[in-house]
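With chain A's structure known, arrange chain B on it following the hints.
There are 2 protein chains.
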Amino acid sequence: MAVEENTSLITLRVRGKRVSGVQTSVQVRNLSPVLIDEPRQMGGEDAGPNPMEYVLAAFSGCLTVMITQVTHEMGFQLGDLQTTITGTLDPRGMMGTPGVRREFQQVIADVQLQTEEPKERVQQLREQVEARCPVHNLLKDAGVVLSGEWSRL
Amino acid sequence: MAVEENTSLITLRVRGKRVSGVQTSVQVRNLSPVLIDEPRQMGGEDAGPNPMEYVLAAFSGCLTVMITQVTHEMGFQLGDLQTTITGTLDPRGMMGTPGVRREFQQVIADVQLQTEEPKERVQQLREQVEARCPVHNLLKDAGVVLSGEWSRL
Numbered sequence: 049m050a051v052e053e054n055t056s057l058i059t060l061r062v063r064g065k066r067v068s069g070v071q072t073s074v075q076v077r078n079l080s081p082v083l084i085d086e087p088r089q090m091g092g093e094d095a096g097p098n099p100m101e102y103v104l105a106a107f108s109g110c111l112t113v114m115i116t117q118v119t120h121e122m123g124f125q126l127g128d129l130q131t132t133i134t135g136t137l138d139p140r141g142m143m144g145t146p147g148v149r150r151e152f153q154q155v156i157a158d159v160q161l162q163t164e165e166p167k168e169r170v171q172q173l174r175e176q177v178e179a180r181c182p183v184h185n186l187l188k189d190a191g192v193v194l195s196g197e198w199s200r201l
Numbered sequence: 049m050a051v052e053e054n055t056s057l058i059t060l061r062v063r064g065k066r067v068s069g070v071q072t073s074v075q076v077r078n079l080s081p082v083l084i085d086e087p088r089q090m091g092g093e094d095a096g097p098n099p100m101e102y103v104l105a106a107f108s109g110c111l112t113v114m115i116t117q118v119t120h121e122m123g124f125q126l127g128d129l130q131t132t133i134t135g136t137l138d139p140r141g142m143m144g145t146p147g148v149r150r151e152f153q154q155v156i157a158d159v160q161l162q163t164e165e166p167k168e169r170v171q172q173l174r175e176q177v178e179a180r181c182p183v184h185n186l187l188k189d190a191g192v193v194l195s196g197e198w199s200r201l
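Keeping their order, the protein sequence lines are chains A and B.
Residue numbers for the first sequence follow this note's numbering, so the first one is 49 and each next one is one higher.
Residue numbers for the second sequence follow this note's numbering, so the first one is 49 and each next one is one higher.
Same shape as in the complex, but just chain A:
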């Protein structure tokens, strides 16, 4: 497999334990545990975001990393950065209904940038970020409908 011939790969590993009910405590390196749960109406105790909320949070974090990286490369002046990520899910997928997507149907990623840079440079930044961001491409390659507005703060 090509993967194993490539020595530049990064390996990430996390370890989860069910704490109670549908709640998981996940250990990542030596950081504080990540607590994942479901709201009470989904049978949880609401001790933390649910798994798909964490996927959206990861997308928000990934946009920050990639926007910071690409603005550095471009010499793009950037102040504050905010993201709002909205995903829609059909719960029948999780219940096993055939023909219904299990993962998100669509995800909207709205990005707000504090910048005086011209519109064309903002567009150039967006294209680079969307081409390279791992979470954006994970959703895109899975066939999730992606959209969003990039605007000024």
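For the record, the hints were derived by calculation from the structure and aren't laboratory data.
Among the hints, erroneous ones may be present.
No copy is singled out in the list; a pair is fine if it fits within one copy or between any two copies.
[Stated by the list, open to error] Computed list of lysine to aspartate or glutamate pairs in DMTMM-like fashion (alpha-carbon distance at most 20 Å, straight line):
id : residue 1 : residue 2
1  : Lys167    : Glu197
2  : Lys188    : Asp158
3  : Lys167    : Glu121
4  : Lys65     : Asp158
5  : Lys188    : Glu175
6  : Lys65     : Asp128
7  : Lys65     : Glu178
8  : Lys167    : Asp128
9  : Lys167    : Glu178
Relative to chain A, chain B alone:
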């Protein structure tokens, strides 16, 4: 769009703010903020897991939710539950190298169950969970190579 004709959809929304460097604080409902960062060698301050570690954590949490749900449906006796999720990434993808996957190349999900149930029932549980788990299907539909062992604790 089919999505909008369906009234049973669940909408999830998260809001992220860049705190400093590549660090994001993500607000999910009224829960404690999710802190996302990168290790120092990636330009961060290591204040929390990185975005792709959160995707793996979400997979761990999703397996707990789905295994709990399906064991209830099956009347499957289950004690402790642990998951180890390992993903490999090629960092050249994030740097924009053409032809290199941006998201995971492969993900290994190892599941350990404390149970006396027979092998066939464990296999039946696994098939149901993999067919229905949103994060499993997100990775699968994106073309990530998925594997893993289900064993007893």
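Hints, one by one, checked against the model:
In this assembly of identical chains, the alpha carbons of Lys167 and Glu197 lie at most 20 Å apart only when taken from the same copy (13 Å versus 50 Å across copies). Within a single copy, Lys188 and Asp158 get their C-alpha atoms as close as 16 Å, which meets the 20 Å cut-off; across copies the closest is 26 Å, which misses it. For the identical chains of this complex, Lys167 and Glu121 are intra-copy neighbours only, at 17 Å inside a copy versus 54 Å across copies, given an alpha-carbon limit of 20 Å. For the identical chains of this complex, Lys65 and Asp158 are inter-copy neighbours only, at 12 Å across copies versus 33 Å inside a copy, given an alpha-carbon limit of 20 Å.
In this assembly of identical chains, the alpha carbons of Lys188 and Glu175 lie at most 20 Å apart only when taken from the same copy (14 Å versus 25 Å across copies). Taking the shortest Cα distances, Lys65 and Asp128 sit within 20 Å of each other only across copies (8 Å), while inside one copy they are farther apart (36 Å). For the homomeric pair Lys65 and Glu178, the shortest alpha-carbon distance between copies (18 Å) is at most 20 Å, but the shortest distance inside one copy (34 Å) is not. Taking identical chains as interchangeable, the C-alpha atoms of Lys167 and Asp128 lie at most 20 Å apart only when both belong to the same chain, with a minimum of 17 Å there against 54 Å between chains.
Taking the shortest Cα distances, Lys167 and Glu178 sit within 20 Å of each other inside one copy (16 Å), while across copies they are farther apart (44 Å).
Of the numbered hints given earlier, the model fails none.
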